[in-house]
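Using the hints, position chain B against chain A.
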Amino acid sequence: MIRGALLITWGWIVLWSVISGRLDLLLRGVFHGLVGISGAALLLAGVVLLIRQRGRYERLPWAWWSSAAIALLVLLVPPNPSFSDLAESRPQGLPEPPELAFVLPPEQRTLTEWVRLLRSQQDPDLVDGNPVNISGFVWTQQSGPPLIARLTVRCCLADATPAGLPVHWPEGFIPNTNQWLSIQGEMVVTTRDEQRVAVVMPKAITPISRPKRPLEP
Amino acid sequence: MNKRLGLLLGLATAGVLAQQQILLRLPPRLVQLRPQHIHSGSAGLDLRFSRPMELKTVKAQSDLKPALRHRWIGNHAALRLILNPTKAIAEPIEIQLAGRDLRSQELKPQTWWWDPRPWLLINRITNNGQQLQLQDRQGEWTPIGPPWTRLNKVVPLGNGRGIAMVASDDNRSEQIWLQPLEPNSISQKHSSLSPPSPQTIQRLAKGNVLFAHLSSNLNGDLLIQTGGFLPDSEKNELFLANGQRQRINVRSAGPMELLPGGGGLVVPTYNGINLQPLINKNNSVQSLPGNRELGTFCAASGRALLIRHWPDYRRSIELILPGRAPRQLWLGEEAVLGVACDAKGERIWAVIGTWTGDWAQHTILRMDSKGNEIDRRLLAPWRMKGGTPLQLDPVGKRLLLTVSKKGQNSANPAFIDAATLQWKKIIPIDVEEAQLLNP
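Protein sequence lines, in the order shown, are assigned to chains A and B. First residue of the first sequence: 314, per this note's numbering; consecutive thereafter. First residue of the second sequence: 1444, per this note's numbering; consecutive thereafter.
You may find that some hints are simply not true.
[Claimed, not checked] Some chain B residues flagged as far from chain A (calculated, every beta-carbon gap over 10 angstroms):
#1 Leu1507
#2 Ala1520
#3 Glu1549
#4 Lys1678
#5 Tyr1713
#6 Leu1774
[Stated by the list, open to error] No farther apart than 30 angstroms at their CA atoms in a straight line, the calculated lysine-lysine pairs in the DSS-like style are these:
#7 Lys1530(B) x Lys1787(B)
#8 Lys516(A) x Lys1502(B)
#9 Lys1868(B) x Lys1848(B)
#10 Lys516(A) x Lys1849(B)
#11 Lys1868(B) x Lys1596(B)
#12 Lys1840(B) x Lys1530(B)
[As the list claims (entries may be wrong)] Over 10 angstroms on every C-beta distance to chain B, these chain A residues come out as not near it, computed from the model:
#13 Leu357
#14 Gly442
#15 Arg509
#16 Leu528
Note that these hints are calculated values from the structure, not bench results. Even glycine gets a Cβ: it sits at the ideal position worked out from N, Cα and C.
Pulled out of the complex, with its shape left as it was, chain A reads as follows (with noise of 0.2 angstroms):
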């Protein structure tokens, strides 16, 4: 009976997770009918079990009490995930877009499709004086000033990749680790490390809260 509740519980956990949007923070939202079907599979296969087992007492190894003691723990504490440490340990080959929409106007585009552009297009001299409107998080870097990134993913956060732009962050300006900034301005072009680099100048940065799917394909 017990294995039943348990089944029961781990299904509804999987289903909630789909249905409260916590499952943007792992996994692209393509595959999120696939995991509730799963969900609603385990929550079925859990109630059969308990029709079967109906009255019976049963002794539990002990993995299935870590695993009821996970999921209660799931439950109880909100995923919080630190997207800049993922991004410094990740590599940062960008995987293929979906398609290219460059001939999009500049401040249509997202900060991957401008890493995207920036990096099939080498010469930043292309960009300079485009205006720039632009969500992402603090990405902050063991060596050089924080950057403005988003995660993309094929699949989910195992094979999350970086996508950050340099920022010219305004005197006074303290970027916090993780914080979601909205940023408007323009591109600019400047010399850093002897190379010609293309820099988010902001001319609003607005804080806000992470967005509903902050992984992007």
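What follows is chain B alone, placed relative to chain A:
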């Protein structure tokens, strides 16, 4: 058995270690050197190495002769050399290439010759009809392909690897051809630099068509827009530089143009012009209403010049800057025959014309990006031939146009200094049209 297995494992380990040590000591190599036409300067060259290179050392140890203003950009194994000289480049450049990779292994010093100057391509009038010809650096003309009865449209591919053309015969039907070219603008020997070599000509569309329009981008992709003799027979096909073909399902009210940097196209509609991606899954189209036509693109910077036709028969020249409303640079009652701009849209040239009796008087203007007129000069006794382009040669700092004189049936290629607007050269040869071909 165990001994043999141990021996095999030992040999495999030794092999891996030997390979690692060899790779560690192997110096970097230059794998590819090719002109890059998408850049912000006068000319660009892409270099690909076998190993990630240290940009600082390549920059410090490499040299150009003549010493032109330039910059190195890029990272890892792909670097780019961008020339941005203040004066016109009048001769091939000697590149002495050296540097170290990220393991501090020295690249074998080597010398390359690069001629970034575009070639002058003309549609020459001959006794039998018309023929494409290229002018070499000594001023001699080389035929490119066979003679034609008539060439209605000539479009050099943006990567310099071919010339697409619409030929028509006496039956008023059109055929589309591609004359592939093999560029010879980079070599390890100065003497090997030569005009591109013509390859076997290819027919791009089966059968004859009623009309055809061509457009190419700097990657060398070619868009073919055709219409047949039957209703609804219009067809748009994209011939990618890598040899693939793609149907483009877009309705337009006129000739479409590929964006120079690739990825999108400008589509004329009955209400204005649209800008849209080639793969338009999200149906994201940007529209600019009004009676406007595309004048020219300012290289690959996302900037372009538009010509707007007003209801009171005036025209204006507008500069499109990414993310901003069109900026009017000039407004007048004169006809706008041609416009040109530099890569950043900071310098703009236009040829405008007015009728004086039985002859049109043409004037060339030079403006800045705010529309301030910097200079103007009358083209008289010459005038620009209608329907031919005004093109900027950023390497030679000059403008190319096709001009004719009163009483002259044919036209001549002519160069004007882009800074002073003085005539540089009018070539005494009968042409339909003159254009620049990227090296």
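Verification of the supplied hints:
1. Leu1507: 17 angstroms, holds
2. Ala1520: 12 angstroms, holds
3. Glu1549: 20 angstroms, holds
4. Lys1678: 23 angstroms, holds
5. Tyr1713: The claim stands: Tyr1713(B) keeps its Cβ more than 10 angstroms from every Cβ of chain A (closest is about 22 angstroms).
6. Leu1774: Leu1774(B) is indeed farther than 10 angstroms from all Cβ atoms of chain A, at 24 angstroms.
7. Lys1530(B) x Lys1787(B): Status holds; Cα separation ~17 angstroms.
8. Lys516(A) x Lys1502(B): Measuring from Cα to Cα gives roughly 34 angstroms; hence the hint is violated.
9. Lys1868(B) x Lys1848(B): With Cα atoms ~15 angstroms apart, Lys1868(B) and Lys1848(B) stay inside 30 angstroms; holds.
10. Lys516(A) x Lys1849(B): 56 angstroms, violated
11. Lys1868(B) x Lys1596(B): 25 angstroms, holds
12. Lys1840(B) x Lys1530(B): Since the Cα atoms of Lys1840(B) and Lys1530(B) sit roughly 7 angstroms apart, the hinted pair holds (cutoff 30 angstroms).
13. Leu357: Holds: least Cβ distance 36 angstroms, greater than 10 angstroms.
14. Gly442: 8 angstroms, violated
15. Arg509: Violated, since 6 angstroms does not exceed 10 angstroms.
16. Leu528: 19 angstroms, holds
Of the hints listed earlier, those the structure fails to meet are numbers 8, 10, 14, 15, in rising order.
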